[in-house]
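*Asks:* The primary structure of each chain is shown beneath.
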Amino acid sequence: MTARVITESAPEPQIVLRRSRVSGDRTRVLGVIGAVIVLALGTVAVLAPVLAPYDPTERAGTPFSPPSAEHLLGTNDVGQDLLSEMIYGTRVSLTVGIVAAAAAMVLGTVVGLIGGYFPRLGAVAMRGVDVVLILPFLPLLIVLAAYLGRSIVNTVIIIAILIWAPTARVIRSQVLSLAKRDYIVAARSMGAGHGYVIRRHVLPKTLLLAIGEFVAATSGAILLESSLSFLGLGDPLQESWGSTLYWAQARGAFLTPAWKWWVLPPGLLIMLSALGFALLGYALEQRINPRLRRS
Amino acid sequence: MVTFASGVADLLAIRELTVTFRTGGRDVYAVRGVDLSVAEGETLAVVGESGSGKSVTMMAALGLLPDNAEVSGSIRLGDRELLAMEERALRSVRGAEIGVVFQDPMSSLNPVHTVSRQIAEAIRAHSDVSRAAAHARAVELLGEVGIPDAKGRADDYPHQFSGGMRQRVMIAMALACGPRVLVADEPTTALDVTVQAQIVDLVDRIRAERGMSVIWISHDLGVVAQIADRVTVMYAGRVIEQGSCADLFDAAVHPYTARLLRAMPRLDAVAGAELEVIPGSLPDPEAQPEGCVFAPRCDHTLDQCAAARPALLPLVAGGRHAVACHRAGDRLTHSQPPGLVGGAPAHERSAGQIVVALDDLRVHYWGRGSWRRAAAPVRAVDGVTLGLERGRTLGLVGESGSGKSTLARALLGLEKTSGGTVAFGGQVLHTMSAAGLRKLRCTAQLVFQDPSASMNPALRVEDVVSEPLRINRRGSVAEQRARAGELLEIVELPRELGRRFPHQLSGGQRQRVAIARALALDPQVLVCDEPVSALDVSVQAQIITLLSRLQAELGLSLLVISHDLAVIRTIAHRVAVMYLGQIVELGSRDDVFGGPRHPYTRGLLDAVPIPDPHRRSRPVPLAGDPPSPVAPPPGCRFHERCAFARPGLCDTTPPPLEQQRPGHWTACHLADEIAASSTAPDPVRSATG
Chain A
1 MTARVITESA
11 PEPQIVLRRS
21 RVSGDRTRVL
31 GVIGAVIVLA
41 LGTVAVLAPV
51 LAPYDPTERA
61 GTPFSPPSAE
71 HLLGTNDVGQ
81 DLLSEMIYGT
91 RVSLTVGIVA
101 AAAAMVLGTV
111 VGLIGGYFPR
121 LGAVAMRGVD
131 VVLILPFLPL
141 LIVLAAYLGR
151 SIVNTVIIIA
161 ILIWAPTARV
171 IRSQVLSLAK
181 RDYIVAARSM
191 GAGHGYVIRR
201 HVLPKTLLLA
211 IGEFVAATSG
221 AILLESSLSF
231 LGLGDPLQES
241 WGSTLYWAQA
251 RGAFLTPAWK
261 WWVLPPGLLI
271 MLSALGFALL
281 GYALEQRINP
291 RLRRS
Chain B
1 MVTFASGVAD
11 LLAIRELTVT
21 FRTGGRDVYA
31 VRGVDLSVAE
41 GETLAVVGES
51 GSGKSVTMMA
61 ALGLLPDNAE
71 VSGSIRLGDR
81 ELLAMEERAL
91 RSVRGAEIGV
101 VFQDPMSSLN
111 PVHTVSRQIA
121 EAIRAHSDVS
131 RAAAHARAVE
141 LLGEVGIPDA
151 KGRADDYPHQ
161 FSGGMRQRVM
171 IAMALACGPR
181 VLVADEPTTA
191 LDVTVQAQIV
201 DLVDRIRAER
211 GMSVIWISHD
221 LGVVAQIADR
231 VTVMYAGRVI
241 EQGSCADLFD
251 AAVHPYTARL
261 LRAMPRLDAV
271 AGAELEVIPG
281 SLPDPEAQPE
291 GCVFAPRCDH
301 TLDQCAAARP
311 ALLPLVAGGR
321 HAVACHRAGD
331 RLTHSQPPGL
341 VGGAPAHERS
351 AGQIVVALDD
361 LRVHYWGRGS
371 WRRAAAPVRA
381 VDGVTLGLER
391 GRTLGLVGES
401 GSGKSTLARA
411 LLGLEKTSGG
421 TVAFGGQVLH
431 TMSAAGLRKL
441 RCTAQLVFQD
451 PSASMNPALR
461 VEDVVSEPLR
471 INRRGSVAEQ
481 RARAGELLEI
491 VELPRELGRR
501 FPHQLSGGQR
511 QRVAIARALA
521 LDPQVLVCDE
531 PVSALDVSVQ
541 AQIITLLSRL
551 QAELGLSLLV
561 ISHDLAVIRT
571 IAHRVAVMYL
581 GQIVELGSRD
591 DVFGGPRHPY
601 TRGLLDAVPI
611 PDPHRRSRPV
621 PLAGDPPSPV
631 APPPGCRFHE
641 RCAFARPGLC
651 DTTPPPLEQQ
661 RPGHWTACHL
671 ADEIAASSTA
681 PDPVRSATG
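Each protein sequence line maps, in turn, to chains A and B.
Per this note's numbering, residue 1 is the first one in the first sequence, and the count goes up by one each step.
Per this note's numbering, residue 1 is the first one in the second sequence, and the count goes up by one each step.
Hint data in this document are derived by calculation from the structure and do not stem from the laboratory.
Some hints could be false.
To be verified - Dumping the calculated BS3-like pairs for lysine-lysine here, alpha-carbon to alpha-carbon at most 25 Å:
no.	chain 1	residue 1	chain 2	residue 2
1	B	K416	B	K439
2	B	K416	A	K180
3	A	K180	B	K439
4	A	K205	A	K180
Keep in mind the model is a prediction, meaning the values are calculated, not measured.
Please build the complete structure, drawing on both the sequences and the hints.
*Replies:* The following block contains the structure:
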């Protein structure tokens, strides 16, 4: 047999050891779970008028009624259907969360790009980022909300101001490493301007990262919106999960058996939505962020 | 396993080893059946290009492969089977009986611990000794590996050591528990040639003193010829030839070994000699060819070469020289096929027109000091006057940190100059308008060391090549595409490659793409910064040949930067030697390599390992490391490392760069005396025509 090495010494047993172990891709599973949650919540928000049994502003039943066939989650203190309130609340929570995170992403990406690409300017910009990062969240949130007034636009602005800084940091570190790549030096040596380099070589790779950051930031934005509304600083005309909790607290539902249908569902929904976006964001980040990606 | 007649017991024996990496449905066959062994007190060199499986083989022996590796075969250390061992038992073998030194000493050392602590840690991991005893032993080891003032420096951190010193620390750590086998995986690849010579000598000395075995993994045949007792040549995961160092270098039998030896640029070749080119590239690591792995690139194939895998058989029964080739017995003459030749022609023209002139060019970097005082500048380039002649090649050599790359970048206007001028024709770079600068950028282009880093991985090859056209808005998109196709053909690549992405290409192909891109704007000057350093030997020859051809056809002026003197000698017409930001010697290739006048140039040339096992004795390598460019020594910058330095002169007065011989500039006070006192010319240099 020519395809074997001749052994002159005593033939030894051929050992096959150390089989390969390929671990299951856990990140992917988590990402899929997150995506399912996000998709489900998105569907609920879009189809709210179809899904909700009542108009959430309508006095559909007796106040403080426990869950029944007509009102699956019972009613609140003025007799509005709580299930409908939850369904419509999805719209508000998701909208505020997504819009605020998107605004934060744009702001963070711009600051990060400039900060990474022009190091001197970046040093200054990053001090600003540091300031935002060390600001105590909740007190500032309350002060800003009280000062600017209660409206959904203000809520979005306040949240965006608070959450853009980490995005700027992540983007900047990516841009810093990109800007030193040989292919960018190559483009510069061919006479390319900053605009061209940013457009063609820096932005495409950075945007992907920004999208991952955006999804993760949405989770935080939803939580912040709920906190604001729970403190009674949300838009009084837009019933979100947080404001449901606010009213439940104001009417003493935390101390009565009503917590089971008045406090628990909005709480769980807030948790679920934050979890969904966080899982999806985590999975995206693992795939996109070169610092986290395993070889 | 071929048993050798020597009768020396094998200490480490690897038999029929295969390693397959299973990644997401695709299998990468890294090692496809390797047999090798090392005897007590012997130095075995494992040679191969990247992807040959040489490192994976050693990692398998150490049990350091990732989880997705499937290993079969047998690896025996003495009478124990390493592959059958538990992780815990293996840990006691690793370090205690097999020491390892890796390529990059910086990433192998922990930056937050002192070196003595790291060595002591290695000692205490394997033996139960007190902290103080381990520390004392660490200091002892540091002395043994030649760290000056070992006691004082033991408590320094890795970043306080130079690259060469760090590699010494790594060796000390590998020796900590008195291993019987030292595995050195490309230990000198990241080091300068003078430091490499020091490390080679050190490892050889320690091996002799301790009587241990050394497995030296390398792609550099020069180093191997200097250190190895036996050599194993690997190709595509298989051992294709194995034998004593002398047999292998004198009478290589396998066509691959023979061609590899002729493809490498060497200092002792006739000047201007042509390099042989091995066409093609390594086989696909995901394929399992039936026959000989080298058959697709071989000139001597028979039908059976593609059909059956040749066994590794001794040439003479019981002999030590074994070859895996069906035609091993045929005594093939490895003649050089016509047409595949390269190399720079000897200088047939006199000094030409100057295309780029550097005049007293300075580039200083100002680091951030404390708030009270500014930091001293890093004098990367400190007063360089040079001219690049039309249609010729200027080679720039020097150790790392000598300012070669900074000089190149300043020439291209990518670096802010601190003084002096760069002039293209009559136009001075820093006085030009932005538009003028853009125009000028078209006349000088850059080729990088690492081709894969120099192109955006998200762009197709044709977009990479046509990028300069797009940036400068030349022609329509269709015209740019067409031009990209032409350019690919100029660098001998098929047009169809344009549709691929850079990562789908081999290293050599990528460097061709980088050259094609640099040619897109029809430049007059091409600056090549280490154009072949990241490439394998067989591919190096292809790229050098291509550059020479392009120069002849397009009349390009080349500035080639390299730390590899053999490459420079093959390609350059004129050579400039740089040390700490200054030019110390400048002259024609034959003058500089044939009759170097600066002691630094001599030291560099002496340090280059000659791929000839019969010529191992060489002058004492240049000691020490280059000083910091932040605080260059006064007087001659080289005087601290110079054996000839004269106190009162060399340490006070900087020598000017003078034309001491016609067309040969040297910056040394004592060049004439040194030339007069030196002994008979070295045979290496007398070969230079």
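*Asks:* Each hint needs a verdict: does it hold in this structure or not?
*Replies:* Status of the hints after comparison with the structure:
Distance restraint check for K416/B and K439/B: the Cα-Cα separation of roughly 18 Å lies within the 25 Å cut-off, and the hinted pair is therefore satisfied. For the hint linking K416/B to K180/A, the alpha-carbon distance of about 16 Å falls within 25 Å, and the restraint holds. At roughly 24 Å between alpha-carbon atoms, K180/A and K439/B fall within 25 Å of each other, so this suggested pair holds. Taking the CA atoms of K205/A and K180/A, the gap is about 14 Å. The hint holds against a cut of 25 Å.
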